[in-house]
Every structure is written in C-alpha cells, then in structure tokens.
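Following the hints, complete the assembly by docking chain B onto the known chain A.
Going down the list, the protein sequences come from chains A and B.
Numbering that gives the first Met the number 0 numbers the first residue of the first sequence as 0 and each following residue consecutively.
Numbering that gives the first Met the number 0 numbers the first residue of the second sequence as 0 and each following residue consecutively.
Any given hint might turn out to be false.
Stated by the list, open to error - Covered, in the sense of this in silico footprint (three residues per stretch, anywhere, with C-beta under 8 Å from a C-beta of chain A), are these stretches of chain B:
| # | stretch |
| --- | --- |
| 1 | 21-34 |
| 2 | 68-76 |
| 3 | 128-138 |
Claimed, not checked - Straight-line alpha carbon distances no greater than 30 Å define the calculated DSS-like cross-link-like pairs of lysine-lysine that follow:
| # | chain 1 | residue 1 | chain 2 | residue 2 |
| --- | --- | --- | --- | --- |
| 4 | A | Lys189 | B | Lys39 |
| 5 | B | Lys162 | A | Lys1 |
| 6 | A | Lys4 | B | Lys135 |
| 7 | B | Lys82 | A | Lys1 |
| 8 | B | Lys179 | B | Lys82 |
| 9 | A | Lys223 | B | Lys23 |
| 10 | A | Lys1 | B | Lys172 |
| 11 | A | Lys148 | B | Lys71 |
| 12 | B | Lys179 | A | Lys4 |
| 13 | B | Lys55 | B | Lys39 |
| 14 | A | Lys1 | B | Lys39 |
| 15 | B | Lys135 | B | Lys175 |
| 16 | B | Lys135 | B | Lys172 |
| 17 | A | Lys4 | B | Lys162 |
| 18 | A | Lys4 | B | Lys175 |
| 19 | B | Lys39 | B | Lys23 |
| 20 | A | Lys1 | B | Lys135 |
| 21 | B | Lys172 | B | Lys71 |
| 22 | B | Lys23 | A | Lys148 |
| 23 | B | Lys39 | A | Lys4 |
| 24 | B | Lys71 | B | Lys39 |
| 25 | B | Lys55 | B | Lys71 |
| 26 | A | Lys4 | B | Lys71 |
| 27 | B | Lys82 | B | Lys39 |
| 28 | B | Lys55 | B | Lys135 |
| 29 | B | Lys179 | A | Lys1 |
| 30 | B | Lys180 | A | Lys4 |
| 31 | A | Lys1 | B | Lys71 |
| 32 | A | Lys4 | B | Lys55 |
| 33 | A | Lys223 | A | Lys148 |
| 34 | B | Lys180 | A | Lys1 |
| 35 | A | Lys1 | B | Lys175 |
| 36 | B | Lys179 | B | Lys162 |
Think of the hints as simulated: they come from the structure by calculation, not from any bench.
C-beta atoms are modelled at their ideal positions from N, C-alpha and C, and glycine is treated no differently.
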Amino acid sequence: MKSEKLARAIGNIDENLIFHAIHDEANQKKRGWLKWSISAAACLCLLVAAALTLPSLSSKPEPRKDMGAMGGSEGVQPDGEPGGYTTESQVEMSEEGIQMAKQDGAAEPYETESFPESIAADPFENETVIDSYGSMAAAACYATPDTGKVAFSIPLTDAMEEYGDSVIYRVAVDIFSDNQMLEANSEAAKYEMERLIELGYTVDYETYNDGNVMHYLITLCATKEQLTDFALAEQYGYMFFLYQERAQ
Amino acid sequence: MDDSEIIELYWNRSEIAIAATAEKYGSYCHTISYNILHSKEDAEECVNDAYWNAWKSIPPQRPGRLSTYLGKITRNLSLDRYKQYNTEKRGRGQTELMLSELEECIPAKADVEQTLDEMALTEAINQFLYAQPEPKRNIFIRRYWYLCSIRDIARAYGMSESKTASLLYRMRKELKEWLKKGGITL
Chain A
0 MKSEKLARAI
10 GNIDENLIFH
20 AIHDEANQKK
30 RGWLKWSISA
40 AACLCLLVAA
50 ALTLPSLSSK
60 PEPRKDMGAM
70 GGSEGVQPDG
80 EPGGYTTESQ
90 VEMSEEGIQM
100 AKQDGAAEPY
110 ETESFPESIA
120 ADPFENETVI
130 DSYGSMAAAA
140 CYATPDTGKV
150 AFSIPLTDAM
160 EEYGDSVIYR
170 VAVDIFSDNQ
180 MLEANSEAAK
190 YEMERLIELG
200 YTVDYETYND
210 GNVMHYLITL
220 CATKEQLTDF
230 ALAEQYGYMF
240 FLYQERAQ
Chain B
0 MDDSEIIELY
10 WNRSEIAIAA
20 TAEKYGSYCH
30 TISYNILHSK
40 EDAEECVNDA
50 YWNAWKSIPP
60 QRPGRLSTYL
70 GKITRNLSLD
80 RYKQYNTEKR
90 GRGQTELMLS
100 ELEECIPAKA
110 DVEQTLDEMA
120 LTEAINQFLY
130 AQPEPKRNIF
140 IRRYWYLCSI
150 RDIARAYGMS
160 ESKTASLLYR
170 MRKELKEWLK
180 KGGITL
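Just chain A, same shape as in the assembly:
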C-alpha cells in the first residue's frame, strides 16, 4: 500500500524533528519559567532568612521586650535603623522572628517548625515546585494503566530524571478502575483522595470551566520518592501527569 510506504518514510524522518515534536518551544518557555521559579525561590529564601536573621542579630534583651509591644513595621527597625521591608508579609515574618528571639535567645538558630503560620500553611513554600516540563502534547497519547500499576507521563519522567529529589512535583492524577477512568468528582475518587491524605500525601481537588464544560482535577504535590514508591490501592491504576499537562 502506498500510504504504508509513506508512513514508513515518515517513520525515518530526522531524529531532531521527532524529538522536538514532543520537546518543542514550550520547553523553552518552561525553562524560562523554571529559571524564574528557581530565582524566585532563592529570593524568597533570602528574604525569609533575612527577615529571621536580621532582628536576631540586632536584637538586645531589653529593647526586644519593648519592640514586642510595638506594632507594624516599627517593630523591625531596632535601634532606629532603616528596616527596608515594605510588604505586609515581610513585616509579619520579621515580627515573628522577634517573638522567636524572645523565646529562644538571639544565639539560637531558628527551626523550620517555628516559621509563622502564613508560611507553615504551605509546606512547599520554600521548595522549587515543578509543574511543567517540555512539551505536554504527547501526554494525551498514553495507554491506560493496568490495575495495580502506576504510570508517568513522559514530561514527568523527564522532569524526575533531571531534577530527582531536589524539587517537589505538582502532578495531576487520573485514577482508573478496570481501565475506566474514575470521574474526579465521583465518590470513589473522593474516598481514594481521603485515603491518600491519610497516608500523608498533599492532595488537592480543582475545578475549572473551559467556557463550555466544568472539569475536575485531582492534584498532588509530592517528591520523586513519593511518586515512584506510590502507595497505590490495588484495585486502581494511576496515571500521573505534570500539572500543566492537564491544566492546559
């Protein structure tokens, strides 16, 4: 058949074309996003470190008591030095840093657990979170995972290969029972989400409207280890995608 000959000829096209068809310019956008994300995370770490360290370095026992009674940004300007913090959240962090210094002493290092609630509420605030990698187009072509099996999309596999355990992966998960995908808003899916939450996974449930239809999405934030050693339920198969593969 002539079309078969053509299909085979297409099969032998340049490998760069084949490769870039699923790692195309979206990859460059992702790289830009990732660089920005890493830079932002680094800046955030510096801000947090500065917010926590500066008050403790400059604090003295007596003035600290006074400052504890002071409100607003004045509290982060010990000895009349310019504070340099302008945002509300940064002020809050600094205030908390002062309170911690009161409790633990200026020489004591600050523990992560002592972060203010606004930060502690998001366990991945200081982590680099990956939710896209390369082109997500090929993700839609995957075979349904068998019961008791876990499968990862190519972009997610590539991302885990590149970043390993150094980042958090924000993923969307499709759950299958007997090769049929559970509706994310079904009771079975909700029970499964509750089970995963009980096992310590950070699970979320999102809805969005594409203008025509309401969509439901189950998402997880997890480490590579949590994904590769996923605590699956034997009656289900799981397909994991990077979040943006599904969100798009």
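Using the frame of chain A, we list chain B on its own:
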C-alpha cells in the same frame, strides 16, 4: 542513568542495558506501539522486540539520541505487526485513519516520472517539514509519527478539533504538492 551510559552498557554487552532501557523508555515505546496497535499485549511484545533489536544493533550502531532510535524501531515493528493483523483488525485505532489520510499526499503517477526509494522520499519529507513553521511541523509529526489522535493534539495545543483537522488537511495537500514538484511518486 543517562543515554550515553545506557549505550555503553550495550557496547559492553551488559544485559543491564535492557533493564535500563525499559525503565527509561518503556513507557515512551509502549505509547508509540499502543497508538498503532491499540492492544496492550501486542504493544508489549513489540516493545520487547524493539529492545531485542536494539541489543542486536548496538553495537555497531551508536545512536545519537536513544529515545528516537528506540522509537523508530518500535514504530516500524508495530507497523509490521499492524500490517500482519490488518485484515482482522481493520478500522481500529489511529493507524487506519493515518494511512487513509496519507493517501491524500500521494501524487498521481501520471504527473511524475521519477520513482524514488524510501530514503529519498524521507529526505523530501524532511525538507518539507523543515520548511514548515514549528507548531505546524510538530502537529504533523505528532499525528503521523506518534499517531496521536486529532482530539489529543487539539487539546494539547488549545485548538478545536476541526481547526486541527483542517490544519492537517492543508498540510497533507501541501506535502502532496511538495512531492509533486519534487517529481516524487510512490
């Protein structure tokens, strides 16, 4: 394990090469095969055959890009199997649709004199694809190399299915003209 390490394992005739290949590219190859055959069992066999072919061909081959090297082997083996099963499985999956659509790219024989071998045909297709804007090129390859469904491509690119189908239709016509101008017949 990166590709160069896996290839070294092949060259050293270490059977770990197969396991490493399966771990890294098993899903990729399975997807390619499944899109053609629409059968998990057949896809699994084709992927295993692809590993075996890779084992036989490396060395002497030293692939520059292991993923596409394996992908090509898998695709060819899957098409072979599809052809073998064609009569009993006709009409299933994307393969039939893909082949049917590609018929439109074949120039009428009367218009051309030269018959080229498959390598020359591939080269003409390469040139055609490199002449295309990147998004169009990638959509074409996703459809006719990876055999992704139009629905999946449309969703991936945020386009409607009809727009995607229309774009592919125009590209097939363009490819037909391209081959015709190049004097290529099949």
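Verification of the hints:
Against chain A, the stretch 21-34 of chain B contributes 7 residues with a C-beta closer than 8 Å to a partner C-beta. That satisfies the three-residue criterion, and the hint holds. For a cut-off of 8 Å, the count of residues in the stretch 68-76 of chain B with a CB near a CB of chain A stands at 5, and the three-residue condition holds. Figure legend: the stretch 128-138 of chain B, annotated as covered by chain A; annotation consistent (6 residues with Cβ-Cβ distances under 8 Å, at least 3 required). Annotation: proposed proximity of Lys189 of chain A to Lys39 of chain B holds, straight-line Cα distance about 29 Å (limit 30 Å).
Using a Cα cut-off of 30 Å, the hinted pair Lys162 of chain B and Lys1 of chain A holds, with the two alpha carbons roughly 27 Å apart. Simply put, Lys4 of chain A and Lys135 of chain B have alpha-carbon atoms about 22 Å apart, close enough for the 30 Å limit, and the pair holds. With a CA separation close to 13 Å, the supplied pair Lys82 of chain B and Lys1 of chain A stays within the 30 Å bound. Only pairs whose Cα atoms come within 30 Å are accepted, and Lys179 of chain B paired with Lys82 of chain B is accepted, the gap being roughly 27 Å.
Under the criterion of a C-alpha separation no larger than 30 Å, the hint pairing Lys223 of chain A with Lys23 of chain B is consistent with the structure, at around 15 Å. The straight-line distance between the Cα atoms of Lys1 of chain A and Lys172 of chain B is roughly 16 Å, inside the 30 Å bound, and the hint therefore holds. As the CA atoms of Lys148 of chain A and Lys71 of chain B are separated by approximately 26 Å, the hinted pair is consistent with the 30 Å bound. Restraint check for Lys179 of chain B and Lys4 of chain A: satisfied, since their Cα atoms lie roughly 16 Å apart, inside the 30 Å limit.
Restraint check for Lys55 of chain B and Lys39 of chain B: satisfied, since their Cα atoms lie roughly 24 Å apart, inside the 30 Å limit. This hinted pair checks out: Lys1 of chain A and Lys39 of chain B have alpha carbons roughly 27 Å apart, not beyond 30 Å. Of the pairs offered as hints, the one joining Lys135 of chain B and Lys175 of chain B holds, with about 16 Å between alpha carbons and a cut-off of 30 Å not exceeded. Distance restraint check for Lys135 of chain B and Lys172 of chain B: the Cα-Cα separation of roughly 13 Å lies within the 30 Å cut-off, and the hinted pair is therefore satisfied.
With a CA separation close to 27 Å, the supplied pair Lys4 of chain A and Lys162 of chain B stays within the 30 Å bound. Our distance criterion of 30 Å between C-alpha atoms is met by Lys4 of chain A and Lys175 of chain B, whose separation comes to about 14 Å. With a C-alpha separation of about 18 Å, the suggested pairing of Lys39 of chain B with Lys23 of chain B holds against the 30 Å cut-off. Taking the CA atoms of Lys1 of chain A and Lys135 of chain B, the gap is near 24 Å; set against the 30 Å cutoff, the hint holds.
This hinted pair checks out: Lys172 of chain B and Lys71 of chain B have alpha carbons roughly 25 Å apart, not beyond 30 Å. A distance of roughly 16 Å separates the Cα atoms of Lys23 of chain B and Lys148 of chain A; the hinted pair therefore holds under the 30 Å criterion. Of the pairs offered as hints, the one joining Lys39 of chain B and Lys4 of chain A holds, with about 25 Å between alpha carbons and a cut-off of 30 Å not exceeded. For the hint pairing Lys71 of chain B with Lys39 of chain B, the CA-to-CA distance comes to about 18 Å; that is within 30 Å, so the pair holds.
Between the alpha carbons of Lys55 of chain B and Lys71 of chain B the distance comes to roughly 15 Å, so the proposed pair stays at or under 30 Å and holds. Restraint check: the Cα-Cα separation between Lys4 of chain A and Lys71 of chain B comes to about 15 Å, which is no more than 30 Å; the hinted pair holds. Annotation: proposed proximity of Lys82 of chain B to Lys39 of chain B holds, straight-line Cα distance about 17 Å (limit 30 Å). For a cut-off of 30 Å, the pair hint linking Lys55 of chain B to Lys135 of chain B is broken: about 36 Å separates their Cα positions.
Distance restraint check for Lys179 of chain B and Lys1 of chain A: the Cα-Cα separation of roughly 15 Å lies within the 30 Å cut-off, and the hinted pair is therefore satisfied. For the hint linking Lys180 of chain B to Lys4 of chain A, the alpha-carbon distance of about 19 Å falls within 30 Å, and the restraint holds. Between the alpha carbons of Lys1 of chain A and Lys71 of chain B the distance comes to roughly 19 Å, so the proposed pair stays at or under 30 Å and holds. Between Lys4 of chain A and Lys55 of chain B the CA atoms are separated by roughly 25 Å; this keeps the pair inside 30 Å, and the hint holds.
Straight-line distance between C-alpha atoms of Lys223 of chain A and Lys148 of chain A comes to about 16 Å, which keeps the hinted pair within the 30 Å bound. Distance hint between Lys180 of chain B and Lys1 of chain A is fulfilled; the C-alpha atoms sit about 18 Å from each other, no more than 30 Å. For the hint linking Lys1 of chain A to Lys175 of chain B, the alpha-carbon distance of about 13 Å falls within 30 Å, and the restraint holds. Only pairs whose Cα atoms come within 30 Å are accepted, and Lys179 of chain B paired with Lys162 of chain B is accepted, the gap being roughly 26 Å.
Comparing the model with each earlier hint shows a violation of hint 28 alone; every other hint is respected.
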